[in-house]
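**Student:** Residue-level listing of the chains:
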Amino acid sequence: MIQIEQLHKQFGKNVVLNGVDLNINNGGIFAVLGPNGSGKTTLIKSILGMVVPNKGTISIQGTNIKKNSEYRKHIDYLPQIANFPNNLKVKELIRMIKDLRGETTNEQELIARFKLEPFLDKKLGNLSGGTKQKVNIVLTFMFNSPLVILDEPTTGLDPIALIHLKALIQAEKEKGKTVLITSHIMSFVEEIADEIVFLLEGVIYFKGTLHELKTKTSQPDLEHAIASILTTNHA
Amino acid sequence: MLKILKYSFYDLMRSRWSYVYFAFYLLLGVVLLFLNNNLSKAIITLMNVIIVLVPLIGTIFGVMYYYNSKEFTELLLAQPLKRSSIFLGQYLGVALSLSMSLILGLGIPFIFYGLFKSNVIWDFSLLLITGTFLTFIFTALAFNIALSNENKIKGFGYAILLWLFLAVVYDGIFLMSLILFEDYPLDKLSLTGTMLNPIDLSRTLILLKLDISALLGYTGAIFKRFFGTNLGFIVSLTMLLVWVILPVLRIVSKSKRKDF
Chain A
8 MIQIEQLHKQ FGKNVVLNGV DLNINNGGIF AVLGPNGSGK TTLIKSILGM VVPNKGTISI
68 QGTNIKKNSE YRKHIDYLPQ IANFPNNLKV KELIRMIKDL RGETTNEQEL IARFKLEPFL
128 DKKLGNLSGG TKQKVNIVLT FMFNSPLVIL DEPTTGLDPI ALIHLKALIQ AEKEKGKTVL
188 ITSHIMSFVE EIADEIVFLL EGVIYFKGTL HELKTKTSQP DLEHAIASIL TTNHA
Chain B
2 MLKILKYSFY DLMRSRWSYV YFAFYLLLGV VLLFLNNNLS KAIITLMNVI IVLVPLIGTI
62 FGVMYYYNSK EFTELLLAQP LKRSSIFLGQ YLGVALSLSM SLILGLGIPF IFYGLFKSNV
122 IWDFSLLLIT GTFLTFIFTA LAFNIALSNE NKIKGFGYAI LLWLFLAVVY DGIFLMSLIL
182 FEDYPLDKLS LTGTMLNPID LSRTLILLKL DISALLGYTG AIFKRFFGTN LGFIVSLTML
242 LVWVILPVLR IVSKSKRKDF
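Keeping their order, the protein sequence lines are chains A and B.
Converting from the first sequence to the working numbering requires adding 7 to each position, the first position being numbered 1.
Converting from the second sequence to the working numbering requires adding 1 to each position, the first position being numbered 1.
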């Protein structure tokens with residue numbers, strides 16, 4: 008699915024990714040974790056082609072993504088901050104993204120699930136942060152792509168929406184898709200992730216299941232496991 | 002690209018600012034016609050306003066639109082779309098909606114005043130064409146500035162400086178150099194000087210067409226003598242086109258290499 012070889016990226020003098028090698032072959036939910044500034048977002052944006060790497064190759068489904076835009080048809084991406092053109096209505100935005108990407112599979116069901124019907128005719132500029140995030144989620148999940156990338160998906164969501172989101176992510180996994188998530192909420196990660204990819208100082212420090220991580224660090228839960236990695240590396 | 006263009010245009014056409022801009026031109030057109038009671042005179046006054054104002058609005062709007070739609074652009078970048086089509090689409094959306102406000106805002110009062118029955122219709126069309134060119138040029142320059150500056154405040158600052166330089170300072174420097182080097186033949190210098198500034202170029206273009214020697218000034222006189230009215234007209238139009246194409250090419254190449 009995703010093959011990354013020797014990925015290097017620096018912004019000015021700031022080295023963010025320093026030779027990342029990552030192979031994700033099978034479906035499942037992968038959480039990309041790491042302290043602030045460890046390069047999570049840069050890694051995800053490199054996969055999406057939004058950041059141009061200095062060195063290294065990325066292949067999605069066997070094709071090199073360099074100078075290619077068509078491969079993004081197979082990726083659903085939920086960006087971290089949802090900010091849409093303020094003068095468009097929700098309905099129009101959904102229609103627009105559909106127009107750009109092609110037909111959707113379960114748009115109506117998603118709208119119903121997140122109770123967005125009353126907002127369809129409202130302008131995006133008048134929506135609250137949480138509602139915008141719900142629209143964002145609908146836009147991401149309404150396509151049926153084999154790779155789903157979620158950057159901080161829980162931002163601004165109320166508990167009910169959060170439950171729906173978790174169910175959605177699980178459903179995607181059951182369809183055999185690959186889901187890549189970044190989050191700072193460890194309980195959320197612990198609940199849904201199958202595997203952890205831990206980034207530290209621009210390289211992949213750990214990749215494996217939750218259980219492996221806990222045994223490796225001999226800690227009872229994810230939060231402490233992560234904390235113990237960080238303290239042993241920075242002490 | 003056309004899809005992005007369609008939606009950017011649609012989005013802007015419903016923004017309050019497009020209407021404010023449109024209403025401003027409508028008011029300006031009506032007031033000028035009312036005060037001057039004469040189509041040609043109103044056109045000359047309009048020229049002086051358009052030549053300074055259109056670049057300003059184009060720059061500010063371009064920079065503002067780019068920074069405001071930044072997150073949305075990121076969403077588009079994750080779609081199977083080419084970078085060049087995203088940015089060209091947005092650029093054309095802004096430039097077209099601004100041009101629409103200008104053309105409709107000025108066109109409507111002039112049409113009601115009896116533009117079609119008068120002989121200044123070509124002068125007026127040229128005014129609108131130059132205004133449109135200036136919109137396209139300065140929106141493109143604004144996008145260039147915004148693409149090169151992550152910092153909003155810096156971007157706005159550079160945009161205003163660019164406008165100030167081309168609309169005001171440039172003329173001052175130009176005039177100073179003409180005075181300083183008055184002992185030398187200045188034809189080529191003043192011609193090149195005019196070519197290099199789209200605002201000067203537009204002014205010369207309109208004045209050549211209106212054929213008002215009193216307002217032509219030194220540059221215009223040279224232009225006229227050097228090219229003859231027709232050639233001068235074609236050369237200045239071509240230069241305006243070059244002024245659109247170069248910044249647009251840079252938008253394409255810059256956006257390809259940028260990290261978002």
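Read the hints as simulated data drawn from the structure, not as lab findings.
It cannot be assumed that every hint is accurate.
[What the hints assert, rightly or not] From chain B, some residues computed to sit far from chain A (all C-beta separations above 10 angstroms):
#1 11
#2 70
#3 78
#4 79
#5 80
#6 82
#7 162
#8 185
#9 232
#10 234
#11 255
[Claimed, not checked] Some chain B residues judged to face chain A by a derived CB distance under 7 angstroms, without partners named:
#12 4
#13 15
#14 20
#15 73
#16 75
#17 81
#18 85
#19 87
#20 155
#21 182
#22 183
#23 184
#24 188
[As the list claims (entries may be wrong)] The calculated label-pair distances, taken between Cβ atoms and stated as ranges, are:
#25 A:228 with B:260: 32 to 38 angstroms
#26 A:208 with B:258: 22 to 28 angstroms
#27 A:19 with B:177: 35 to 41 angstroms
For each residue, glycine too, the CB sits at the ideal point set by N, CA and C.
**Student:** List, from low to high, the hint numbers that the structure doesn't satisfy.
**Tutor:** Hints 1, 2, 3, 4, 5, 6, 14, 18, 19, 20, 21, 22, 23, 24 contradicted; others consistent.
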